[in-house]
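Asks: Could you slot chain W onto chain E? The hints should help.
Protein chains: 2
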Amino acid sequence: MSPIGATLAANGNAAETGPNGDASKLRITLTQSRKAVPPPEEQIFGKIYTDHMVVVSFDPAIGWLDPEIRPYGPLSIDPSASIFQYGTSVFEGMKAYLGPDGKARLFRPEHNMARLKKSADRLALPSFDEYEVLKLITKLVALESRWIPETKGHSLYIRPTIIGTRPSIGVRASDSAILYIILSPTGPYFRISKPISLLAVNEPVRAWPGGTGGHKVATNYSPTFKPQQHAEKLGYDQILWMVGEKVTEVGAMNFFVVIKRDDNDLDIITPPLDGTILPGITRKSVLALAAAHPSHTVLSGLPDVVRLHAHERELTMSDLRTWSAEGRLLEAFATGTAAIVAGIGRIGFEGSDIRLPENEGGLGPVAKALFERITDIQTGRTEWENWGVLCE
Amino acid sequence: MSPIGATLAANGNAAETGPNGDASKLRITLTQSRKAVPPPEEQIFGKIYTDHMVVVSFDPAIGWLDPEIRPYGPLSIDPSASIFQYGTSVFEGMKAYLGPDGKARLFRPEHNMARLKKSADRLALPSFDEYEVLKLITKLVALESRWIPETKGHSLYIRPTIIGTRPSIGVRASDSAILYIILSPTGPYFRISKPISLLAVNEPVRAWPGGTGGHKVATNYSPTFKPQQHAEKLGYDQILWMVGEKVTEVGAMNFFVVIKRDDNDLDIITPPLDGTILPGITRKSVLALAAAHPSHTVLSGLPDVVRLHAHERELTMSDLRTWSAEGRLLEAFATGTAAIVAGIGRIGFEGSDIRLPENEGGLGPVAKALFERITDIQTGRTEWENWGVLCE
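Heads up: the protein sequence lines correspond to chains E and W, in order. Sequential numbering of the first sequence, starting at 1, is according to the UniProt record's numbering. Sequential numbering of the second sequence, starting at 1, is according to the UniProt record's numbering.
These aren't lab readings, by the way, just hints derived from the structure by calculation. These figures come from a predicted structure and were not determined experimentally. Backbone N, C-alpha and C define an ideal beta-carbon position, used for all residues, glycine too. Heads up, some of the hints might be wrong.
[Said to hold, decoys possible] Now the stretches of chain W that chain E is said to cover, found in silico as 3 or more residues with beta-carbon under 8 Å: (1) 34–40; (2) 120–130; (3) 165–179.
So that you can see chain E by itself, here it is in the shape it has in the complex (with noise of 0.2 Å):
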């Protein structure tokens, strides 16, 4: 475990913002009624938030304030913000996990803090100092620690965002901006343990080359509301966006493949980053951790004389339904902070389904050792690559 400083200053990250925003000049304002932290059944995602938020204002002639930590509460906007009238909004998603030695942790945190960076730049937000962010985080979830949960599967989730705060309706940059910080304590994203089901869908198009789809920014989010009803309706858990002919991600996570290449090589294949697809912190780790099998390290449950291939490629519907129809389509899975690794059970698209192959617990092999040894990673079972950082 590396402590986040060594992790960071190792990426060559350094203060660019000048001295505002200093975590060191961090207010904190505790709560007089701390909440109870509910059982980890009721830990839904998304559900519930911890007592206090990390709040960090801009305003175009200072730069940022200083940092507050306060109760968490309502956010008081103008009703004529940038925010409000043009969806000025860029997060992140990240999670702290309690490790064997009861200390938190977070995972890759580094990697989150330049897409925000990125994502703030995408949509003309401020940059900010990704060190004292980060630090800002640690100290949130420090102060929090009570709602680390220490039931398996379940942690921290944590939502880094940022708004445009500019009072004018004028169609321009939003030069003032709040930076918050909230937490929530959440249990598997996907409360099953069976696979999930996607229906592929051209029409709509979530991103397209030269849009915003590669950015986590809020403004791919809601258009895909009335989508995910659509899909809902005709029995699917999630869409599987495409544009033209090429498959590209689910929206909230991103998409694999494992395709047998002969008994002892499997193609583990993902679509590469074209600017449709959200550059997911776990797709990277599991094109790592693939591509590391079994010359580097042995994943749990898959033999050793079984190599990994992992490849960024374009994959179609067509593909899917050949390899499906020559019995080489082992398994399909998602990755996202959220679910980690969910598995992929049937893929709907022109009024048929490609199913998978069915597996105890919802995950195949390949699936099932990725997850593992990620959330192994992200509890601190394991080491790896200083990919687990120590929040303290």
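Replies: Showing chain W alone in chain E's frame:
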């Protein structure tokens, strides 16, 4: 001038959401400190708001609650709300004008209501009764009538907005919402009497087939902030968005060109509504007025021997270059509620500019004729097909 009730009744709009949200149940809380109305030269678009606003909340268990008018001020929203996290917002732009009789008028408001309803549906926001919302607008405008500017070219801009307020970071439709209406006295959108310049941009892409470009949703706008900054750095006022070879619209305005067919025939062309273009109400009005000249009405300043042929057809930069080289590209202009009709002086693309013929005051004869007729209708100086609607 037709009263609002008759206009909507003629369109077959009736209450759809039951008795809730009923404008007759409006509660009014007046401000304790009325602001001074600033002089015309300080009425910059979107800078100043009036004393009051309409607020109506939607509760998933109840529906739309009774509407209220209250002092203009911040909205208090949970940090996990759908609007902050996923950009769940739709809006409209309308204007109230003072007529020669001292009465306020709206311009084709039933089209704004219908579009707002479609936009809400696209983002899975609750539906609403268009007639009740329009009544709320007229009541607010009536209450704030001292804010309607008398200066020529000025008006009271109206911004109805619906935001999703579901307090959960789970990615799904917002089952709570707030509809609110704010007003801003405004002078001309472009405070210059010379034509604007456009930079044609095909990367990034604003909207795409199957996307949300055909709806007035917040998420279309914040991704344009950074490209807009870039265009301004290069010396252009606005972007002319392209999809591949095709030009689409200006982001906050639709795009038109006037092409000389022969001495007496002019083609007025705008790209078709293919899902990448907002169905503008000024756009629709320009097409209708152009088609009416000279057979149904003679637009001022245009000889009645000149026939205008209005078309919706695909336009490419290559078309524009060809017509410009042939001397047939007489005018280009942009239309929208804020700007009404704005003349375009040059269009940059791939390092060189297409220059349009210069005209005194910035508008060519066709653009000027359309601008004057539309503002005559808006301000009640001319009657035309019930487009002007008395605000009472």
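Asks: Compare the structure with each hint and give your call.
Replies: Tested hints:
1. 34–40: violated (count 0)
2. 120–130: holds (count 4)
3. 165–179: holds (count 7)
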